[in-house]
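Now that you have both chains on their own, put them together as the hints suggest.
What follows is each chain in one-letter form.
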Amino acid sequence: MSPESVLQELLARDLLPPAQAALIRADEARRPFSLHRELRLLLYLGIVLLSGGLGVLIYQHIDDIGHGVVVAAIAGLLLACLGYAARHRQPFTWAEAAKAGFLPDYALLLGCLLFVTLETYLQVQYGLFGTRYGLATLLPALVFLPLAYRFDHRGVLAMGITALAAWVGVTIQPLSAFTTNDFWHSRLSTAAMLLGLGLMAAGLLSERYGRKAHFAFTYLSLGSNLLLIAATATLLDFTPGAGSLPPVVLVPLILLVCAALVWYARRTHSYLLLLLGVGYAYVAVTYVLARLIFAGYDDGGAVTLLLFYVPLSAAGVVWLLLNIKKILRLK
Amino acid sequence: MSLHAYHPDWARHEAIHAQATRWHKRRLLTAEQLTAVQTAFPLDFYRPQLFLRIGLFLFTVLGALAGAGLLGMVVQFNFLGTLITTLIIGAVVLERAIRGKRLYHSGADNALLYLELLGLGALIFYFVYETLSGSNSPDPTPGTARLSVALLLTLAVLLLATLRYADRLVATAAYLNALLLLGNLLLLLPRGTLLLPFVLGAAAAAAYVWFTRQLRRPERLYYHRCLGLLRGVALGTAYLAVNYWAVREGNAALLSGYQPASPQIPLALLFGALTAAVPLFYLAQGLRRPDRTWLWLGLLTAAFSVFTLRYYRSLLPAETAATLAGAFLAALAVWATRYLQPARHGLTSAPDDADDPQLNLESLVVAQTAHSAPSADAAAGVQFGGGHSGGGGATGAY
Numbered sequence: 001m002s003p004e005s006v007l008q009e010l011l012a013r014d015l016l017p018p019a020q021a022a023l024i025r026a027d028e029a030r031r032p033f034s035l036h037r038e039l040r041l042l043l044y045l046g047i048v049l050l051s052g053g054l055g056v057l058i059y060q061h062i063d064d065i066g067h068g069v070v071v072a073a074i075a076g077l078l079l080a081c082l083g084y085a086a087r088h089r090q091p092f093t094w095a096e097a098a099k100a101g102f103l104p105d106y107a108l109l110l111g112c113l114l115f116v117t118l119e120t121y122l123q124v125q126y127g128l129f130g131t132r133y134g135l136a137t138l139l140p141a142l143v144f145l146p147l148a149y150r151f152d153h154r155g156v157l158a159m160g161i162t163a164l165a166a167w168v169g170v171t172i173q174p175l176s177a178f179t180t181n182d183f184w185h186s187r188l189s190t191a192a193m194l195l196g197l198g199l200m201a202a203g204l205l206s207e208r209y210g211r212k213a214h215f216a217f218t219y220l221s222l223g224s225n226l227l228l229i230a231a232t233a234t235l236l237d238f239t240p241g242a243g244s245l246p247p248v249v250l251v252p253l254i255l256l257v258c259a260a261l262v263w264y265a266r267r268t269h270s271y272l273l274l275l276l277g278v279g280y281a282y283v284a285v286t287y288v289l290a291r292l293i294f295a296g297y298d299d300g301g302a303v304t305l306l307l308f309y310v311p312l313s314a315a316g317v318v319w320l321l322l323n324i325k326k327i328l329r330l331k
Numbered sequence: 001m002s003l004h005a006y007h008p009d010w011a012r013h014e015a016i017h018a019q020a021t022r023w024h025k026r027r028l029l030t031a032e033q034l035t036a037v038q039t040a041f042p043l044d045f046y047r048p049q050l051f052l053r054i055g056l057f058l059f060t061v062l063g064a065l066a067g068a069g070l071l072g073m074v075v076q077f078n079f080l081g082t083l084i085t086t087l088i089i090g091a092v093v094l095e096r097a098i099r100g101k102r103l104y105h106s107g108a109d110n111a112l113l114y115l116e117l118l119g120l121g122a123l124i125f126y127f128v129y130e131t132l133s134g135s136n137s138p139d140p141t142p143g144t145a146r147l148s149v150a151l152l153l154t155l156a157v158l159l160l161a162t163l164r165y166a167d168r169l170v171a172t173a174a175y176l177n178a179l180l181l182l183g184n185l186l187l188l189l190p191r192g193t194l195l196l197p198f199v200l201g202a203a204a205a206a207a208y209v210w211f212t213r214q215l216r217r218p219e220r221l222y223y224h225r226c227l228g229l230l231r232g233v234a235l236g237t238a239y240l241a242v243n244y245w246a247v248r249e250g251n252a253a254l255l256s257g258y259q260p261a262s263p264q265i266p267l268a269l270l271f272g273a274l275t276a277a278v279p280l281f282y283l284a285q286g287l288r289r290p291d292r293t294w295l296w297l298g299l300l301t302a303a304f305s306v307f308t309l310r311y312y313r314s315l316l317p318a319e320t321a322a323t324l325a326g327a328f329l330a331a332l333a334v335w336a337t338r339y340l341q342p343a344r345h346g347l348t349s350a351p352d353d354a355d356d357p358q359l360n361l362e363s364l365v366v367a368q369t370a371h372s373a374p375s376a377d378a379a380a381g382v383q384f385g386g387g388h389s390g391g392g393g394a395t396g397a398y
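Chain order of the listed sequences is D and P.
If you number the first sequence the way UniProt numbering does, the last residue is 331 and the count never jumps.
If you number the second sequence the way UniProt numbering does, the last residue is 398 and the count never jumps.
One chain only, chain P, in its complex shape (with noise of 0.2 angstroms):
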C-alpha cells in the first residue's frame, strides 16, 4: 500500500493542465497545441464542477450520518462500539471509493474524509479524558498535561491524514493543531503566558519558510496545494499571535477567575506598534515581491487591524468612519486601476488571462509555429480562444 491514497500523477497532470490553460487564454498555445496537451496528460479522476461537489458533500454526510444512527440503534446505542464499528466501516468504504470509482477531492471523499477524523478525534479526548483519568473527569483546560497528551494523539492522526490524503483544509487542521500543542505547552511553564505571542509568532514565520521552502521542491508536488494554502495560515497566523487584540483577549480569556474588561497586557506598545506595521509589511511585500497570498494576507490582516482600533477606541462615529474610509477606498481602486492600466512596475490592473497589446503575441506565435508545428498551420492557428473579462456580475459563466 503507497503512502499516497491518490494517484500522484493526477496532481501533476492538473498543474500541467492549469498551466497550459492559462497559456492558452494567453494565446501563448494554439487550440490544437491545448488539446494535445490534454491528450497527452489525461486527467482520468473523478472531481466533478463545484456544485455538483456541494451536492455530493451534503449528501454523504448526510447518508453516513443516517447510516452511522441505523448502526447506533442496532447496538442499542453503546457509545464505543457505535464509534469504532462507524469507523473502520467509513474507513473502509473512503479507501474503496477512491480506489474504485478514482475520486480525487469530488466531494464525497472529502466529507468522508472529516467524518472519519471528528470521530478518531471523539475517540481520543473520550480515551483521554474518560479511560485515561481515576476518579474525576475534568473538562480540558489549556495548561495541562493531559490535554498535551490529547493534541499530541490528534496532531499524530492529522498529520498522517494529511501524507495519504493531501487534503487542504486537514492540513490545515493539523498545522493549527500543532500550534494548538506547542502553546499549551508553553503554558505548562511559569512565564508561558508572556512568552507565548513570541514564540507562536516565531514559530508561524519559521513554518512559513518551511512551507515555501517545500513548495518549491517538485517531489512535493502531491502537497501542492496544501502547500500553497498553508503558506498563507502561517503568515496569517504568525499575525494574529502578535495582534493586540488576540493577546489582550487571549490573555484574558487564560486569567482564572471572572474578569468584567479584559485587562492592559504588558508591553502594550510593542503590540499595537506589531498591529499596525504587520499589514504594512505584508502588503509592501505583496506588491514588492509580487505574490498573492501576501498580498491577500496583508488585505486582511489590514481589516483586522482596523477592527483591533475600533474595539479599543473609537476615534470617529461610525458612520463617518465608514464614508471617509469607503470615500479613500473606491478612490483609490479607480485611481489605482487607471494608473496601472499600461502596467507599470511590473503590476497591471488588466486581468491575468488578458491579450496584451503591447507585446502582440498572437502574430509571434504563429510566426513561430508556422514553420515548425505541423498540427498549427496558419489557417487553424488564428482560432484562438477570444479574451474575456467579466465585470459587475454581468457575466457569471455556472
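Extracted from the complex, chain D is given alone in its bound form (with noise of 0.2 angstroms):
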C-alpha cells in the first residue's frame, strides 16, 4: 500500500488534519533512502572474511612471521578496538545508555574477540596459566561481565555468562569433559543447573531493582536455557550417573522452571521465553507419560497408547499456543 493511499484513508476516517499531511507527504518525497541494513551486512561479512583470511594466513607463515610479532599485533588490535570504544562511550548509567552508533560496538564486540584469541594463543604458545584451567577461564569472564556493564553491551554480558558457565563446568570436573567425551554427567549437570538457576535469579533480582534491568532478557534466557537443558538431558540419560538427580526430582523442577518462565513471559509479553516453557514442559510431561504408559502394559498396548498421544498432544499444544493470549490474559 502506497504512503499516499494510506494518508487517503487517513484523511477520510479524519484521523490526520490535512496540514498535518501535507508534512508527511513533504517528507516521503524528500526523505533519503536508508542503507544502514546493507552497510552493517557488508561490514560484517567483510569483518569475518578478514578475519578468517588473515587466520589462515598468519598460520601458514607462522615460522616467518614469529609468535612475537602476532602476539604484538593482536594485543595492538585489541587495544585499538577497546580505545575506539571507550572514546565513544556513554556516561555510564543504570538504566539502558543512549547508543553512540553501531560502529562502537562492534568494536567492543571484536576487542572481546579478540581478547579470547590473545589468551589462547598466550597459553597454547607460552602455557601462561600452566594447567590452572579454573584461572584461564575465569579471566575473560571478569573482564567481560565489567565492560558489559559499563558500555552497556549484551552480545558481551552473553560472552561473559559463556566464560562464567565454563569456569564452573571446567571448576566441577577439571578435564574429565575432554578426557570421557561425558559433557552432561552427574555433577556436572547439577552445577549446571544451579549455575542456570543463580542466572536466573540475577536476572530476575536486576530487572527488580533497577540495575540494568534490561539485561534481564540476556540473563534469564541463558540461565533457564543452561538449567532445562541439563535438567532435560539427564532426566532422560539411559545410565544415569550415581550422583545425579532423580526423576522425581528433575521433573518438577523442569515444570517449575517452566512455570516461572511462562509468569514472566506473560508479565513481559516475551514469546521466545514462553516457546521455551511450554516446549520444555511439553517433552518433561510427555517423558512422565511415556514412562506411565510402558510400566503399565508391557504388551502393544502402550504403543497404541502412544500413537494417540503424539497427535492429540500435538493438537492440544497448537490449542494452548492459538488461545495464549486467552489464557495469559495478554494485552
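Bear in mind the hints are in silico, worked out from the structure with no lab data behind them.
Predicted model, so just to flag it, every value in this text is computed and none were measured.
C-beta: ideal position from N, C-alpha, C; glycine also.
Label pairs and their calculated CB-CB ranges:
| hint | chain 1 | residue 1 | chain 2 | residue 2 | range |
| --- | --- | --- | --- | --- | --- |
| 1 | P | G346 | D | L128 | 46 to 56 angstroms |
| 2 | P | L267 | D | G83 | 48 to 58 angstroms |
| 3 | D | R37 | P | A40 | 24 to 34 angstroms |
| 4 | P | A91 | D | W319 | 18 to 28 angstroms |
| 5 | P | T320 | D | A86 | 27 to 37 angstroms |
| 6 | P | T320 | D | G76 | 15 to 25 angstroms |
Here's a subset of chain D near chain P, in silico, CB distances under 8 angstroms, partners left out:
| hint | residue |
| --- | --- |
| 7 | S5 |
| 8 | P32 |
| 9 | H36 |
| 10 | L49 |
This is the structure:
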C-alpha cells in the first residue's frame, strides 16, 4: 500500500489534519533512502572474511612471522578496538544507555573476541596459565562482565556468562569432560542447574532493583536454557550417573522453571521464553506419560496408546498456543 | 464462498498499521494519533510473534503427520485411501480453523496448507506416473510430455492455492513451477537446450515487469506480500537463467550419458559477460532508483558471481582472496557509512526510522497539530517514541 493511499485513508477517517498530511507527504518525497542494514551486512561480511583469511595466512606463515609479532599485533588491535569503544563511550547509567552508533558496539565486540584469541594464543604457545584452567576460563568472565555493564552491551554480557559457565564446568570436573567426552554427567549437570538458577535469579533481581533491567532477558534466557537443557539431558539419560538427581526431583524442577518462564513471559510479553517454557514442559510431561504407559502395559497396547498420544498432544499444544492470549490474558 | 480465504480487510489494516508505525517512529504522528489509527483499523486476526509462529508450525506438522499415520494404520496403509482421506480432512480443518480462529499466516494454517499441497503434488505425480502409464512407469525425466502434464497439474493447484491463500512460499513455488513447465516444454523442441537460458531469462524479466505493475494496483492489496517477494524471485531467476555456472552445469545435467566434467558451452563468452554484468546492473539500479529489492538481489547475485568465477578459475589462493575481499568490504562499509552520514544523493547510512536533525520534524508537527488536532495538545504531544538504533548484537528485542 503506497504511503499516499494510506494518507487518503487516514484523511477520509478524519484521523489526521490536512496540514500534517502535507507535511508527511513532503517528508516522504524528500526522505533519504536508508542503507543502514546493507552497510552493516557488508561490514559484518568483511570482518568475517578478513579475520578468517588472516587467521589462515598467519597459520601458514607462522615460521616467518614469529610468535612475538603475532601476539603484539593481536594485542595492538585489541587495544585499538577497546580504545575506540572507550572514546565513544556514553556516561554510565543503571538504565539503558543511549547508543553512540553501531561502530563502537562492533569495536567492543571485536575487542572481546580478540581478547579470547590472545589468551588462547598465549596459553597454547607459552603455557601462560599452566594447568590452572580455572583461572584461564575465569579471566574472560572477569573482564567481560564489567565491560558489559560499563558499555551497556548485551552481546558482551552473553560472552561473559558463557565464560562463567565454562569456568564452573572446568572447576567442577577438571578435564574429565575432555577425556570421557561426557559433558552432562552427574555433578556437572547438577552444577549447570545451580548456575542456571543463579543466572535466572540474577536476571530477576536486576529487573527488580532496576540495575540494568534490560539485561534481565539475557540472564533469564541463558540461565533457563542452561538449566533446562541440563535437567532434560539428565532426565533422558539412559544410564544416569551415580550422583545425578532422580526424575522425582527433575520433573518438578523442569515444570517449576517452565511455569516461572511462562509467568515471566506473561509479564514482559516475551514469546521466546514462553515457547521455551511450553517446549520443555511438553518434553517433561511426555517423558512422565511414556514412563507411566510403559510401566502399565508391557504388550502392544502401550504403543497404541502412544500412537494416540502424539497427535492428540500436538493438537493440544497448538490449541494452547492459539489461545495463549486468552489463557495468559495478554494485552 | 469468496475467493479469498482471509478477510481482505486484514491485509489493508496491516499495511496501514505498518505505515503509521513508521511515521510515528519518524515522529510524524503523535502517540495519540497512532493509537487512534490503530483503533480505527483494528487487527482482529490471529498472527502471533515469530517464535510462537515457529512453535505453531512445528507442532501442527507433528500433529498432522502423526494423525495421518494413525489414519493410515486404520486403513491398513492403503496409499490412495490414506492420502485422499487425509487431504479431505486436512482441507476441512484448514478452512474451519481460518474461519473460526481468524488465523492469518499464523504458522498453523501455513503448516496445514503446505502439507495439503505436498499431498496433492504426491497425488498428481502418483496419478500421472502410476495410473496413466501403461506397462512401464518411468521416472520423471526432463523434456518429456508426461512431465509437462504433471507440472501443468501442479501449477494449476499451486495457482489456485496462491489465489485463495496468498501465501508467499506457495506463490514462489507456483512461479518456479511455471518456469519449470516452460523449460520442460522448450526441451521438447529440437533446439530447445540452446534457447533455454534466453527464453527463461526473458520470461523472468517479463514476470518481474508484470509483478511490479500488479503491485502498484490498489485492488491487488491482498497479494502485496506475495508480489513483493515474487519481484525479488523474478530478478533472481532472470540472473540465474543466464548465469555461466547455472547454464554450464544445467547443460551437463541435461546431456545423456555420464560426463566426468561439465563440457564447455557454446556462447561461453556471452554468459560469462552476463554473469559479471547483471549484478553490477542490479546494484546500480538499486542505488539509482533507489529500490531495496534490486539492491539485495544485486548483493546476492554478486556473491553468486564470485562463486561462479572461483568455481572454474582460482585466481588467488582462498585465504589471500578472503583477506583482500574482507579488507575491501570492511573499508568500503566504513567509508560509505561515514560518507553518507549526512544524507547525500538521496541516500543515508542512518537507520530508516531515525530522527533527522536537519528536518526537526518534531517541532514542525507540534506546531501544526497544536492548532488543528484536539487530541494532541502541546503537553502530550511531546511524548513521542524515542529513536532507537541498535548495533553489534548489543540490543535485541525478542
